[in-house]
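Protein chains: 2
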Amino acid sequence: MEVIPGRPDLNAAAMLELIAQAREAHAQIVTFPEMALPGYLLGDTWEQNAFLRDCEHFGHEIVAASSGICILFGNVAVDWDKKGADGRVRKYNALYLAQDGELRGGDNFPYPFRIKTLHPNYREFDDTRHFYSLPKLALELDTDVAALLQPVRLAIDETPLTLGCILCEDGWHEDYGIDPVQLLQQNGPLDLVVNLSSSPFTLGKNNKRNRVFSREAGDIETPLIYINNVGLQNNGKTVYTFDGLSTVYDRAGNIVDCCPAFEPCLRIVDLDLARGGQNLPPIEAGDDSGIDSIYQVLRYGCEKFLAQTGIERVVIGVSGGIDSAVAAALYRRVLEPEQLLLVNLPSVYNSDTTRGLAQELASNLGCLYTIVPIQPSVDLTIEQLSQTPLVNQQTGAESRLEVSTAVSENIQARDRSSRVLAGLAAAFGGGFTCNANKTELTVGYTTLYGDQGGFLAALADLWKHQVYALGRYLNDEIYGEHVIPERVFEIVPSAELSDAQSVDLDQGDPLIYPYHDYLFRGFIERWEKAAPEDILTWYANGDLEARLGCEEGLVDRLFDGPAEFIADLERWWNLYSGLAIAKRIQAPPVLAVSRRAYGFDHREAQNRVHYTDAYQRLRSRLLDSGQA
Amino acid sequence: MEVIPGRPDLNAAAMLELIAQAREAHAQIVTFPEMALPGYLLGDTWEQNAFLRDCEHFGHEIVAASSGICILFGNVAVDWDKKGADGRVRKYNALYLAQDGELRGGDNFPYPFRIKTLHPNYREFDDTRHFYSLPKLALELDTDVAALLQPVRLAIDETPLTLGCILCEDGWHEDYGIDPVQLLQQNGPLDLVVNLSSSPFTLGKNNKRNRVFSREAGDIETPLIYINNVGLQNNGKTVYTFDGLSTVYDRAGNIVDCCPAFEPCLRIVDLDLARGGQNLPPIEAGDDSGIDSIYQVLRYGCEKFLAQTGIERVVIGVSGGIDSAVAAALYRRVLEPEQLLLVNLPSVYNSDTTRGLAQELASNLGCLYTIVPIQPSVDLTIEQLSQTPLVNQQTGAESRLEVSTAVSENIQARDRSSRVLAGLAAAFGGGFTCNANKTELTVGYTTLYGDQGGFLAALADLWKHQVYALGRYLNDEIYGEHVIPERVFEIVPSAELSDAQSVDLDQGDPLIYPYHDYLFRGFIERWEKAAPEDILTWYANGDLEARLGCEEGLVDRLFDGPAEFIADLERWWNLYSGLAIAKRIQAPPVLAVSRRAYGFDHREAQNRVHYTDAYQRLRSRLLDSGQA
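The listed protein sequences derive, respectively, from chains A and B. The first sequence begins at 1 in the working numbering and counts up one residue at a time. The second sequence begins at 1 in the working numbering and counts up one residue at a time.
Take these hints with a grain of salt, some might be off.
Any copy, or any two copies together, can satisfy a pair, since identical chains are not distinguished.
As the list claims (entries may be wrong) - In silico lysine to aspartate or glutamate, EDC-like type, Cα no more than 20 angstroms apart, as pairs:
#: 1; residue 1: K91; residue 2: D175
#: 2; residue 1: K91; residue 2: E528
#: 3; residue 1: K82; residue 2: D292
#: 4; residue 1: K82; residue 2: E528
#: 5; residue 1: K208; residue 2: D86
#: 6; residue 1: K82; residue 2: E303
#: 7; residue 1: K83; residue 2: E312
#: 8; residue 1: K91; residue 2: D352
#: 9; residue 1: K82; residue 2: D179
#: 10; residue 1: K83; residue 2: D44
#: 11; residue 1: K83; residue 2: E174
#: 12; residue 1: K91; residue 2: E140
#: 13; residue 1: K91; residue 2: E398
#: 14; residue 1: K205; residue 2: E284
#: 15; residue 1: K208; residue 2: E570
#: 16; residue 1: K83; residue 2: E528
#: 17; residue 1: K208; residue 2: D543
#: 18; residue 1: K208; residue 2: D257
#: 19; residue 1: K91; residue 2: E174
#: 20; residue 1: K82; residue 2: E284
#: 21; residue 1: K82; residue 2: D157
#: 22; residue 1: K91; residue 2: D81
#: 23; residue 1: K82; residue 2: E570
#: 24; residue 1: K205; residue 2: D86
#: 25; residue 1: K83; residue 2: D352
#: 26; residue 1: K83; residue 2: E525
#: 27; residue 1: K91; residue 2: D379
Keep in mind that the hints were calculated from the coordinates and are not lab data. Remember, it's a predicted structure, so these values are computed and weren't measured experimentally.
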C-alpha cells in the first residue's frame with residue numbers, strides 16, 4: 001500500500017478498503033507494512049500526544065475490522081503509564097495482530113502487540129530518538145532479549161500457526177550482536193516469518209535485500225514474507241521514495257512472489273505452509289542498480305512530491321546545458337504541457353548555441369516556453385551597488401563598493417532564480433526547480449538564492465556522469481527520440497557567467513567530472529568516509545583510481561606530480577568542508593537515490609576545515625620528495 | 001576551555017598550555033570537558049576514520065603530558081577491532097584519566113578509559129547514532145551495567161583517591177531507569193565525583209543543572225565537580241552556544257565554586273576531600289533565565305559564529321522596525337563601525353516614518369549606512385513578468401501572466417535580500433543577516449530568498465515579545481541610551497509591502513503577538529507538543545490562557561466565539577505544519593536560545609496538514625453549539 005506520512009485517517013481508510021478486498025478474495029491473513037497507519041519519517045511529530053492518540057484511534061478501527069480474517073499491521077504503540085528516556089510518554093514501533101476483533105500478540109509478551117528489537121540509527125533513521133526497543137524493555141523487566149522474542153501462536157481456520165513477527169531492521173541484524181530471527185525459532189520451528197518494513201529506496205538495495213532475506217529464510221528453513229510500503233516520505237532536508245517490492249521467500253530461500261516496484265498492489269498469495277511455500281515456483285528478482293531504476297525513482301519521486309506539496313505547475317530555468325535539460329525532460333513525464341513552463345534567462349554571456357538549444361528542448365517537449373533577459377536588471381544592480389555611497393555615520397565620509405567579476409557572476413545567478421524564476425513561479429501558480437547535481441552541491445559550485453534555489457533538488461543525488469546517463473536514457477528509452485538535443489551532450493558544461501566561460505570556445509566548469517565525481521563520492525558515499533589523509537595515502541600507494549572507482553591512469557594524466565595533485569585536493573576539500581556546507585544548510589530538499597544523500601541523511605556541522613596530523617606529515621614528505 | 005569543534009589539533013594545543021599552567025600552580029588534578037579534543041556536535045564527521053585516528057593521536061599527546069599531574073579529559077575512543085550497530089568501527093564517548101604518562105581507567109574496566117552510560121537522543125543530541133553505550137557493552141560482554149560502573153582508584157601524592165567518573169547525561173538520569181552515580185558508590189563511598197560535560201546553553205537550564213547536581217552530591221554525600229566547555233558548536237541548521245559555568249558542589253550539595261559564563265578560565269580549586277569540600281564557603285549561583293542571559297547568549301553566539309565562519313563584515317537591511325533594529329544594535333556590540341553596514345531598501349510603500357527611523361538608528365550606532373531604493377527593479381520585474389509572452393510550443397498560442405498583490409509583495413522581499421543585500425554583502429566582503437523572529441518563522445511569515453535569507457538567523461529563537469524586551473535591554477542596560485529610537489517600539493509591526501500595510505495608519509502584521517507568541521510556543525516548545533486537539537480542548541475547558549501562559553481574558557477579547565477562534569487556529573496550524581516547513585527547510589542556521597529551536601533541534605517532515613479525529617469531533621460540537 002501507499003502510506004501517506006502523518007495521515008492515519010487516510011491510511012486507515014485505504015487499509016479498510018484493502019481488508020474488504022482481501023476478505024472478498026477469501027484471504028486468511030492480510031499484512032500491512034511497518035507504521036502503516038502513522039507513516040515512518042515524520043520528524044518530531046511523534047512528540048504530539050494528540051497525534052499518538054489519533055494513531056491509537058485508527059488502530060482500533062483496523063482491529064474492529066478483523067472479523068473472519070487475521071490482520072497484521074504496523075502502528076505506533078503507546079504505554080501512557082511509562083516514559084521513554086527523553087521523559088516523554090513511551091512509544092514502541094509495534095506490530096499488531098488482530099483476529100475476530102481481538103489482539104493476538106499478547107500470549108507470551110508483556111503487551112498485546114510485538115515491538116521492534118533492532119533500531120537503526122544511521123543515515124535517515126532516528127528510531128532511538130522516538131521509540132523504546134525490545135532490548136531496553138528486557139533490561140527494564142530484568143529479563144533477557146531471548147525471553148521476549150517468542151513466536152505468536154495463532155489458529156487460522158482451526159489450523160495452528162506459529163508465526164515469527166519482526167519489523168524491518170530486525171531482519172538486518174548483521175552488526176547488532178542480536179539475531180531476532182534465530183531467537184524466534186530457539187524453542188522450535190516456525191511456520192512462517194513475517195517482516196513488516198518501511199524501507200526507503202536506495203540504488204541497489206533491493207538486490208542486497210533479496211540476498212539477506214533469501215539466506216535468512218534458507219537458514220531457518222521457513223518461508224518469509226517481506227512487506228514494504230510504497231509512497232514518498234521525507235525528513236525535511238531529504239526526500240525518500242519507497243519502492244514496495246513486497247516479496248515472498250520459500251523455505252529454501254527462493255523468491256516465489258514479488259509485488260511490482262512503486263505500485264500499490266493487493267497480492268493474493270496461496271502459500272502452502274506445510275510445504276514451506278514450495279508449492280509456488282521460484283521466480284527471478286529484478287535488478288535495481290541501473291539507470292532504469294534511477295529514472296523510475298526520480299519520476300516517481302517528482303510526481304509524489306508534487307502531489308504531497310500540492311504543487312501543480314512547475315517552472316524550470318533552462319540554460320541549454322545538460323542538468324536543466326534532464327530536469328525538463330523528467331518533469332515533462334509527470335506534467336501536462338500547459339503545467340510546465342521552461343524559461344531561458346540570457347545575459348550578454350549566453351551564447352547563441354545554448355540559447356538555441358534551450359528553445360529546441362522546449363519545442364521538443366511541447367510545453368510552455370518564454371525568454372526573460374536578465375541583463376537590464378543585472379546592469380541596474382551593478383550600477384546601484386557601485387554608485388550608491390556608503391556613509392560613515394561618525395565621520396560623514398563617503399565610500400563606494402567595487403563589483404568584481406566573481407560578485408557579478410553571483411548577481412546573475414540570483415537574478416535568474418530569486419528575481420525571475422521565483423516571481424514567474426508565483427505568478428504561474430506553482431514552484432520552480434533546483435537543477436543542481438551532486439557534484440556541484442558537494443563543493444558549493446552553485447549560488448545561494450541563485451541556481452541552488454527551488455522547491456526540490458531532484459537531481460542533487462546524482463553525480464554529473466549519472467545526469468548524462470539519465471539524459472541518454474530519457475532520449476533512448478523513455479521518449480524514443482532526441483528530446484534533449486544531441487548537442488547538449490557534446491558541449492562543455494559551463495556556467496556562462498563571464499567572458500571566460502564560453503561553450504563555443506570550450507571554456508567550461510573548473511570541475512573535471514571523470515575524476516571529481518569519484519573523488520567526491522569517496523568523501524560522502526563510502527561507508528567509512530575518505531578524508532584527504534586517505535586520498536593522499538592511496539595516491540602515494542598508487543591505488544587511488546582503484547579505490548575511487550575512476551578510470552585507470554587518469555590521475556597521472558591530470559596532475560603533473562604531487563604538488564598539483566595536492567593543490568587540487570585541498571581546493572575541493574576546503575570547499576566541501578567549508579563554504580559548501582553553509583550553502584547546503586539552505587539547500588532545497590534533496591531526492592535521495594544513492595546510499596548517502598545530502599541533508600538529513602548525511603548530517604553536517606558548519607565547522608572549520610581540518611587536515612589531520614598524518615595528512616600534514618604525508619603531504620610534507622610527498623612535496624619534499626617531489627622537489628628533490 | 002573553549003572547544004573548537006572538529007579541530008583536535010587546536011584543542012590539544014590549548015589543553016597542553018592549560019596543563020602547563022596547572023602544573024605551574026601545583027595542581028594535582030586538571031580536568032577538561034567531555035569531547036575536549038574532537039568537539040561534540042560534528043554531524044557525521046565521526047564517520048571519517050582519518051578524523052578518529054587524529055583524535056587518538058592528539059589524545060596520546062595529552063597523556064604524554066601527564067607527568068606529575070593527573071589529567072581527566074574527554075575524547076572519542078575507538079575499538080578498531082569491533083563494530084558499532086551501523087557496521088562502522090566502534091566508537092565510545094570516553095573519559096580518559098592519565099597520570100605520569102599512563103592511562104588509569106582500566107583497573108576494573110575492559111578498556112583503559114571509561115565510557116558514557118546514558119546517551120541522549122532528543123533535541124540536538126544524536127549520541128546513539130555515533131557511540132556505543134555502556135549498557136550495550138554490558139549486554140555484549142554478558143555482564144550487567146552495575147558491574148561496569150566502578151570507581152577509578154588512584155593515588156595522588158600517595159593518598160588514595162576513589163573517583164566516580166561520569167559523562168554529561170550520566171548525571172541527568174531521571175528518565176533512564178539507570179542511575180550511574182548511585183551505582184558508582186554501590187560498593188563503598190567515593191571521595192569525589194567528576195562529571196565531564198559538553199552541554200549547550202538553554203535558557204534557564206543552568207538553574208535546573210544546579211538543582212539536579214546539588215541534590216546528586218547531597219544524596220551520596222560526596223563532592224561533585226561539573227566541567228563544561230565554552231564555545232560555539234552546531235549541527236548545521238541549529239547553532240548552540242556553550243556557557244561553561246563549570247561548578248564545584250560540596251558533599252552537602254552547596255555550590256562552593258563556579259567558573260564564569262561564556263569565558264574560558266583555568267580555575268584552581270583547593271578542595272579538601274577529607275572534609276567533603278566543606279573547607280570552601282557556599283556561594284550563590286546566578287540566574288540564567290532572564291533577558292540578560294538572552295543578550296549574553298546572542299552576543300556571544302554572533303561573535304563566535306562570525307569567527308568560526310570567517311565573516312568579518314556584516315550587512316543588515318534595516319526597515320525601521322524592531323527586528324532589524326535589535327539585530328543592528330546587537331551586531332554593533334561585536335563589530336567595529338566600519339565592519340557594519342546598515343542598508344535601508346525603500347519601495348513606494350515605505351513610510352517616511354520608518355525610513356527616518358532607519359536613518360536615526362544608523363546614526364545612533366555610528367556605523368556605515370546607505371539607501372538602495374528597490375522600486376526601479378521591482379517595476380522592471382513586474383513589467384517583465386506580466387509583459388513577456390509564454391508560448392505554447394505545440395499550438396504557438398501566446399499567453400501572459402498576471403502579477404497579483406501577493407506576488408508583488410514577495411517580489412519586493414526577494415529584491416531586497418537576494419538582489420541588493422546579497423550583492424552588497426559580496427561586494428562589501430561579508431555576509432548579510434536574517435532578522436526573522438521565531439513567531440514569523442513558525443508560520444512562514446517570511447519570504448523565501450527574501451527576508452528569510454542570510455548567513456545566520458540570530459533572533460529566530462526569540463518570540464516577538466522577547467525581541468522587544470531585548471531591544472529595551474540593549475537601550476537601557478548595554479548602551480545606556482536610546483540607540484534604538486523610542487518610536488521603533490511604538491509603531492505597529494508591519495511589512496510595508498502594500499498600500500494595506502501602513503505604519504502611519506496602524507496597519508500591521510496579521511499576527512496578534514500577545515496571543516500568537518504563546519499559541520505557537522505551545523506548538524513547538526512544550527515537551528509534549530500541543531496540537532489543535534489540545535488547544536481546542538483547553539479552549540472548551542476555559543483554561544487555554546493558563547495552559548499557554550498568555551494574558552487572562554485575552555482569548556475572549558480577541559475572538560467572538562468558537563467559529564472565529566477555530567478559523568484563527570486552523571489558519572496558523574495550516575501554515576505551521578504546511579508551507580512554513582518548506583520555508584524552514586531552506587532557512588539559515590538558527591541561534592538556539594530556548595528549550596526547542598527550529599532546525600536540527602526540532603526535526604520536521606514536509607507532510608500534509610493533519611487534524612485528529614478527536615479534534616474534528618470537538619470542532620463539530622463547538623460549532624454546532626455555537627449555532628444553536
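Verification of the supplied hints:
1. K91 x D175: Between. Shortest inter-copy distance 14 angstroms satisfies the 20 angstroms Cα cut-off; intra-copy 24 angstroms does not.
2. K91 x E528: between (32 angstroms within a copy, 13 angstroms between copies)
3. K82 x D292: Neither, since 48 angstroms and 38 angstroms both go past 20 angstroms.
4. K82 x E528: Between. Shortest inter-copy distance 14 angstroms satisfies the 20 angstroms Cα cut-off; intra-copy 38 angstroms does not.
5. K208 x D86: Between copies, since 16 angstroms is at most 20 angstroms while 34 angstroms is not.
6. K82 x E303: Neither: 41 angstroms inside a chain and 43 angstroms across chains, both beyond 20 angstroms.
7. K83 x E312: Answer is neither; intra-copy 43 angstroms and inter-copy 47 angstroms both fail.
8. K91 x D352: Result: close neither inside a copy nor across copies, 61 angstroms intra and 56 angstroms inter.
9. K82 x D179: Between. Shortest inter-copy distance 17 angstroms satisfies the 20 angstroms Cα cut-off; intra-copy 27 angstroms does not.
10. K83 x D44: For K83 and D44, the Cα distance is within 20 angstroms only inside one copy (16 angstroms; across copies 29 angstroms).
11. K83 x E174: between (29 angstroms within a copy, 10 angstroms between copies)
12. K91 x E140: This pair counts as within: shortest intra-copy Cα distance 15 angstroms, inter-copy 25 angstroms.
13. K91 x E398: Neither. Shortest intra-copy (63 angstroms) and inter-copy (57 angstroms) distances fail the 20 angstroms Cα cut-off.
14. K205 x E284: within (16 angstroms within a copy, 59 angstroms between copies)
15. K208 x E570: neither (35 angstroms within a copy, 45 angstroms between copies)
16. K83 x E528: Cα proximity of K83 and E528: across copies only (12 angstroms, versus 35 angstroms in one copy).
17. K208 x D543: neither (27 angstroms within a copy, 55 angstroms between copies)
18. K208 x D257: within (17 angstroms within a copy, 57 angstroms between copies)
19. K91 x E174: Between copies, since 18 angstroms is at most 20 angstroms while 25 angstroms is not.
20. K82 x E284: neither (47 angstroms within a copy, 36 angstroms between copies)
21. K82 x D157: neither (37 angstroms within a copy, 48 angstroms between copies)
22. K91 x D81: Close inside one copy (11 angstroms), not across copies (34 angstroms); limit 20 angstroms.
23. K82 x E570: Neither. Shortest intra-copy (52 angstroms) and inter-copy (32 angstroms) distances fail the 20 angstroms Cα cut-off.
24. K205 x D86: between (33 angstroms within a copy, 16 angstroms between copies)
25. K83 x D352: The answer is neither: 66 angstroms in one copy and 57 angstroms across copies each exceed 20 angstroms.
26. K83 x E525: between (37 angstroms within a copy, 19 angstroms between copies)
27. K91 x D379: For K91 and D379, neither the intra-copy (58 angstroms) nor the inter-copy (55 angstroms) Cα distance is at most 20 angstroms.
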